[in-house]
Every structure is written in structure tokens, then in C-alpha cells.
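Student: Residue numbers (numbering that gives the first Met the number 0), protein chains in the order written: chain A, 0 to 500; chain G, 0 to 500.
Simulated from the structure, these hints should not be mistaken for lab results.
It cannot be assumed that every hint is accurate.
Chain copies aren't distinguished; within one or between two, either way the pair holds.
[To be verified] Computed list of lysine-lysine pairs in DSS-like fashion (alpha-carbon distance at most 27 Å, straight line):
(1) Lys107 - Lys11
(2) Lys8 - Lys107
(3) Lys96 - Lys15
(4) Lys107 - Lys15
(5) Lys317 - Lys492
(6) Lys441 - Lys458
(7) Lys492 - Lys441
(8) Lys88 - Lys11
As the structure is a computational prediction, the values presented were derived from the model and not from experiment.
There are 2 protein chains.
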Amino acid sequence: MTVREAAEKLEKLEQKLNAYNHAMGVMYYDSATAAPAGSAAGRGETLGVLSGTYYELFAAPDVGVLLETILSNRDEIDTLTAKKAEIMKRDYDETSKIPQEEYVAFTKLCSDAENVWHRAKKENDFAAFAPYIDQIVETLIRFAGYYSPGQDPYDVWLSQNERGLTQKTLDAFFESLRGKIVPLLQRIQAEGIEIDDSFLHQEYPIEKQKAFSDYLMQVMQIDRNYCAIGETEHPFTTNFNKYDVRITTHYYTEHPEFSMYSVIHEGGHALYELHTGDELIGSCLATGTSMGVHESQSRLFENMVGRSEAFISYIFPKMQEIFGPQLQNVTAHQMYLALNKCEPSLIRTEADELTYALHIMVRYEIEKKLFKGEAKAKDLPGLWAEMMRAYLGIEVPDDTSGVLQDSHWSNAQMGYFPSYAIGSAYAAQFVAHLKRDIDMEKAISSGNLKPVEDWLCEKIWRFGRGMDPEEILLNACGEPFNPTYYTDYLEEKFSAIYGLK
Amino acid sequence: MTVREAAEKLEKLEQKLNAYNHAMGVMYYDSATAAPAGSAAGRGETLGVLSGTYYELFAAPDVGVLLETILSNRDEIDTLTAKKAEIMKRDYDETSKIPQEEYVAFTKLCSDAENVWHRAKKENDFAAFAPYIDQIVETLIRFAGYYSPGQDPYDVWLSQNERGLTQKTLDAFFESLRGKIVPLLQRIQAEGIEIDDSFLHQEYPIEKQKAFSDYLMQVMQIDRNYCAIGETEHPFTTNFNKYDVRITTHYYTEHPEFSMYSVIHEGGHALYELHTGDELIGSCLATGTSMGVHESQSRLFENMVGRSEAFISYIFPKMQEIFGPQLQNVTAHQMYLALNKCEPSLIRTEADELTYALHIMVRYEIEKKLFKGEAKAKDLPGLWAEMMRAYLGIEVPDDTSGVLQDSHWSNAQMGYFPSYAIGSAYAAQFVAHLKRDIDMEKAISSGNLKPVEDWLCEKIWRFGRGMDPEEILLNACGEPFNPTYYTDYLEEKFSAIYGLK
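Work the whole structure out from these sequences, hints included.
Tutor: Put into C-alpha cells, the structure is as follows:
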């Protein structure tokens, strides 16, 4: 096989793999947005057939041969093709290392675990779900051994979610973060300052909230021709290619801020996917590079744009126009304060910007213990309660609003939570550098985010998976990851809001 | 290969084929309900890959061998497996008779034609679409030759949509129908009776219409656990298996009757799909047997149940409760008359029960001419205007509301329209026999449709594709198709409504 033939085969293979991913992605989206409740079993069978075919196509030995052919003749081929082959080889090595029976059994385990978790969460029945956690951890430790024998298994999974991320980096990051956030939070509580957000908790009709979503998408310059909004229990973003991105939100009549920040957050993810380079279309490079970098974009828009005073001042007249009476006697500054109110709370997805990272730390510490064998699933409710007390100073009334709240563990997404916190820290670092090139405040207050988006596209979005997170940081900031930007940002912002010196 | 081995292989094949159909079906549904407008190209590529794989799996020579193995040893195998093999062999023979390049080219032609049709309809530009009609007719004539050399090509396509249906049957059917409807319509118009339906054309808020849809689904005893309602431009029903059926509707603020009858009509299709026999699950038999029989169920519910005075009287108090002020001074009888008002109109999908069949006849006569070579696409606007004048007595102002109004021809669905009219006639015949066993009026006026649905399930639904339309009629009615029931029904109903003697 010549390198040219291999490149052609690679392209055909990618087209097929894309088709299966696309179809499975649409089925997943449909299941969350439109499918009737009783349709899961039939969909499970279909997804089983499609994922099995995907595995057979991708993990086939001749795929290894064609990738090797390209990679051992890099000098004879364009750099883009070589890059595609390199990234696909990474995926290939990992996928083909898991024996097919174990892969299928694992898919089944996750599917069962997710079903049980839904019921367990609803019925506050952790005992029903616990055995799945132990089985999932056991499987993940075994798989980590296939991927990277000899390496610490939890580091393997951290790096699966965020290439290059280790417990060493995270321990230092979370320690510095905790060192800033906890005292800041204690000072806020000690000062006894109460921000009034009662005007947010009136009735905001859903039709008006939908019009507001459309407006926010427009301010974010998201092309609706390629990005639709759906409604789901938990908001998410998914993409089938750069011309078909979906975000979802959830409307609560008495919490307009929930959908508002879901749209802005998911909109940040969408912008990233909508702007991967045209030259990557159809290839394995045509998507965001990692969970952490993805989350950096969603959090950048959610918090550093969407919760800034400049942004809220700009959109406030439109909010008044859309919602009318509820905002008659409210000022933009009052709205800014209300949307940035800090308060330790039980649920991660409802946490404010300041306390959010503490929720992540609870999960990180527990995952470390599970992987080290220092804890089993049965210990988790106790550990959870203990850490929520230590980190956030609150008591956990039940497992539903405690250890059962997130779906991640039921999907075997371990080593995944830290990328949420890492994403916020990346975002602060990106913004610090962006501000050296662009007057971000001015862009936001004039309602023209284009210069900001152009900068992000130039430095981050267009590369897709063509650069690893570490390379993206170097490319955008000229320096490696540095969490100080984030801790400084939090301290400055919340000291000002709460009038602390 | 033993017959036992062949049966096992058949089951595995069906599972795979189901998976591809399911995935393609969900992608189609998603494209109509949720996908952003600019996403068509990427979806087209994916559907190309999936349908190509489907073709390869299904039209493979060894599939022919395994089906032959079963069919030539029918006595060694259970009757259900033999029936599955028989029906699948029919599909197989047809699919494998079309050379793959021609199949792919035809799929492409239809996809292009549909895109052009959308634009042409919007811009009233028939000339842009006309060449596609000629190409499609030419291809269909060629394919008919592959399917059944020597047979009249239009008969081949009629039978593709409704097994056993011929122009001979249809000519007689439409002639008798026209002989009843046209004079009836002329008498109605001559009498000059005006039914007041102005109260229907006030503002009916969409949220309330949605609640009304939920109520209608409940009255129809449709299990929402397996049947969801979506919103699309044109209502339709689709099903992936008997535990996942989707109907769609369209809400118009000032036309609540549009969504009302869309839900009841599509609900009739859904009931059929939800009640195919459990023993058919996963096989090629697990769906409605034909377009005509399907349409008989949707029209039975739409017209013979949903537009009956018994039904409207039963639901009217709930309508008043849901919609409130708009129906304050309206009686159930006035509502019954308004929902049965006859008036010749331009658009098939908005036609009343009486004039509907005339719209079908226009299309049938034109399709016959196209297949006989007596007309080319360029002649269609003229023919359309002429027939609308002759059949409905109205003038066609433009092609958008004339020959371009339906999507069917852009999808090469020729020979398909007649099944709409045939369906109504089947429905009348089924109802006539149903009434010999069941007090249908009483069932409807007490709001308990169960006896009616049980009868239909027993006689029709549970067999899926295990019986052809002709067998279904014999099974349910003990006699072959007889259109007199339908013409009698129309005459009786509309003579009463309009007080004709």
C-alpha cells in the first residue's frame, strides 16, 4: 500500500465512521429531546448494532496498517493528513487494546448502571446503585492497564478526558483554589451581606424566555442556520458536524436565570464546534480538542462574558422589553448583583461561580479514593457528607441531593469532573491574554462580540483536535497552564461584588 | 445450509436491517422536527453511507439463498418464519432487481428533486421543477420494467403502494365516486346553505391547543409511553418499532381544527403501528401492510369517528373547558356542522371530507397520462387548471397552490395518491362491518373507544404485513373491496348535514 492509497483509504474510513457517529449522535439527541419514555429498549438494540459495526470498522487490523503506512512516511504526505493519521492512531491504539467482549460488556454495564441510577436518584436509594460504582471502577482500572500499563490508573483516566492532566497538577491546582475560595466565602458570610435576587423568582412566562434565548443567541453571533435549541431535563451541547450543532436548555418559570445561563454556556460550546477549520471537515480533527478546553469556552461565555457587568448592562434594556412588568423597578446593576450572588448550596449544576469549584473538588477527592482502593461505593454517602461540610459548610439531607445528583458515574465518566474546574481556569488565562490584544470590556458593552470571537477562533477554535490542550495554551497564551489567573480573577470579582477590601 | 440455520440467519439479518432503518428513520424525523436548516448536506452524506450499507446487506446473493432455503422447506418450519421469509423474499426480489448504480443515482435524483421542489414551490417556479418530473417518470417506468417486465408500468407502481391495485379497479372506483360527489356538491352549492364556522377562526392559544391534543390522544387510548407528538410543517406519522411511534402536528392559532384533525388522523396511523402483534416484533412483518390500509385507519378515526356528531358531542364540553371564551355561545351541534363544512378549495390537505377524493382524482388522471406518455411535465400546469375546473369548479391562481403543492412527486411517490382515496373507501367498508358486531355510536358517545379499537386490532392491526390488503378485507369483512359503502356513506352524511332530501 502506498502512502497515497493509505490516505485515500483513511478518508473513506473517516466518512463511514462519521456516518455511524452521526446516526448514533442523532439517536442520542432524539432520546433526550423527543422520544417517548418507553422506547429505550428498541433504541438500545439499534445502538448495539451500530456501535458494534463501528468497532469492527475501526478496530480492524488493516486500519492499523494504513495508519502506520501514513505515519512512517510522513515526509511524503501533507501535514494535515499526517496529523489526522496521528490523532486517529491514538484513538485506534486505545480502542483496539480493549478486547471486543470486554468493550461490549462495558457498554452494557454502563447502560444498566444509568437505568438504575435514574431510579435510584428518584427514590433516594443509593444502595441500589452502589454495586455499579464498584464494578465501573474495577473495569476502569482494568482498562487503564490496557491503555497504559504501569501508569497510575486514575492519571490514565484524567488524561483520557484532558490529555496530559495528572493528579500532581490537579492537587496543586485545587489546593491553591481552595486556599482562595474558602476564606473568600467565609469573609462573604461573615460580612453578612445579603444580595436581593427576589425579583428573579417571579413568574417569567416560558414563551418570553424562549424569545430571550433567541436574543442571547443573536448577541453571541451564533448562526441559527447551523445551531438549533432543544429542551431537555439537563442542558447539553452535541454536534454532528460543524453545520449541525444542537444546544439544549431547560425553562423554569420562576428561574429565568437558569435557562439564560444554560443558553450562554452551551452557546460557548456551540461556538467552538461551529468554528473548527473547514479543512478539518469530515475528519477526526473536526471537533473540540478536549473536555477542559471545551469547558473553558462555555465558562468563558457564561461567566467572563455573561456574568460581567458590561454584558448585563448591555442586555438589560432588552430583558426589560421582553419580560416587561417583572423588571420595572430593577436596575442593571441590581441585576448584575443578583446574577452573581454567592451561596453555598447542595447541587453542583445550580452552584454560583465562586462555589462551583468546591463541588468539583468533592468529586475529585472521592474519585481518587475509589481508584486508590481507599474507599468503596458503600463509603460514598459518608464521605460526601463529610466533604460538603468541610468545603462548603453545609449539611447533606439525602443521597438524591448528595452523591446521587450527577449522572456522570453511571456513565463511567470518572476523571471527567476535574475538567470542569480546569476549564474555568483555562478561561481566565485565555481572557487575561485576550485582553492584551482586544478591548474586551468595550466589545461587550457595545454588544459586538465579534473581536472576542475572532480572537478565540484564531487561537483556539479553528484547530479542532489538531492541537492538544497544552499546545492550545502555548499557542494562545505563549505559556503553559497557570491557575493564578483564575484565583486572581475570582478574588477580584467577588471582593468587588461583596465590597470586601 | 439447513432450514434451521437459515431461519437463524434471517433473524440476525432482520436485526441488522432494523437497526439501519431505525437510525435512518430517527434522522429523518429529527430533520423534520429539530435539525437546523443548514444541516441537510451532512445528513445527506450520512444517509448515503447508511442506505448503501443497508443495500449491501439486503441485496446480497446469500440473502436470496437463505430465503430460498426457508421457502423451499416451508413444511419443516413454523408458519410465522415462513411468512417472514415470503414477504422478505418479495422485497428482496424487488430490491435486488435494481442495479446498485441505478438505485444510488435514483436516490440522488430524488434528493435533488426534493430540494428544487421546495424552492420552486416557494417561488412559484414550476419550470425549475419540471425536468425532475420527467426524469423521475422515466426512471420509474424503467424500474417497473425490472420489477415486472411486460406489465403496465403505472399498474406496477400502483401495486407497489397498494398490492393488487390496478387502473381497472381505480377507474371504476373513481368513476362511481365522481358520479356521487360531483352532483352532491352541486346540489349543496345550488341550495346556497352557508354553515357558520366563524367561531373557529378566532385566536386559540397554542398552549391550549397542546392540552387539547393531549386530551384527544387520551380519548383515542393512545399510550403516550410509546407515542410522542412532535411539530412539523406537514403532519405525518413514523414508527421505528411498536414501542416507538411518533406523530406530528402543526398548530395554527386561528385554525384549531387543523391540529385537531391532524392529531386524530395521525393518531389512527399510530394506533395501527402500536398494535401490530408482539410475535412480529423485530421482523419485516411488524408494520402496517399497505398505504391504503394505513390510510383507512387514519381516515376512519379522522372522519368516521372524529367528525361524527357522537364524537363531537362527547368532546365538546372538554373543548369548552380548555378553550373557554371562544366557545361560550356555541353548541355541540354547531361545532359538528362547522367541522363538516364542504367547500371546494385549492389545497388537498385542507380539503373537507367530501371534496377530498376529487383532489386525488386530479393527481391520478395526471399520473396516468405521464406514464402513458400522453403528457410531459410541461403540460401539467395546464392539465391541473383544466381538471380543477372540471372536478371542483375552481380556478387555480398559480402553480404554488396548484401542481407544486404536494411533495410526493419530488420523492418519486407516483401511484401513491390513490391509496388516500382507497383508504377512505376501505374505512367505510370496515365501519359497515364493524357496526354489525359493535354498537359504534354508543362506544363513541360514551367516550369509550375500546370496543372499536379491539375490533380493528382483532381484524386488522395485529397482522401487520402478514396479510395483504385483499386478505385483510376478506378477513375483516368476508368480502372483497366494495366502494359502494363509501359512496353511500358520503351521500347519507352530507345529505343530512345540508338537509338535502
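Student: Quick one: Lys441 to Lys458, C-alpha cut-off 27 Å, is that within a copy, between copies, both, or neither?
Tutor: within (20 Å within a copy, 72 Å between copies)
Student: Taking 27 Å as the upper bound on the Cα-Cα distance, should Lys107 and Lys11 be classified as within, between, both, or neither?
Tutor: Close across copies (19 Å), not inside one copy (29 Å); limit 27 Å.
Student: Could you figure out if Lys8 and Lys107 sit no more than 27 Å apart (CA to CA) within one copy, between two copies, both or neither?
Tutor: between (31 Å within a copy, 24 Å between copies)
Student: At most 27 Å between CA atoms: does that hold for Lys96 and Lys15 within a copy, between copies, both, or neither?
Tutor: both (21 Å within a copy, 26 Å between copies)
Student: Is it within, between, both, or neither for Lys492 and Lys441, if the alpha carbons may be no more than 27 Å apart?
Tutor: Close inside one copy (18 Å), not across copies (71 Å); limit 27 Å.
Student: Are the CA atoms of Lys317 and Lys492 at most 27 Å apart within a copy, between copies, both, or neither?
Tutor: Classified as within; 25 Å inside a copy, 55 Å across copies.
Student: Is the C-alpha distance from Lys107 to Lys15 at most 27 Å within one copy, between copies, in both cases, or in neither?
Tutor: both (24 Å within a copy, 18 Å between copies)
Student: State whether the alpha carbon distance between Lys88 and Lys11 is at most 27 Å within one copy, between copies, both, or neither.
Tutor: Within one copy, since 16 Å is at most 27 Å while 32 Å is not.
Of the numbered hints given earlier, the model fails none.
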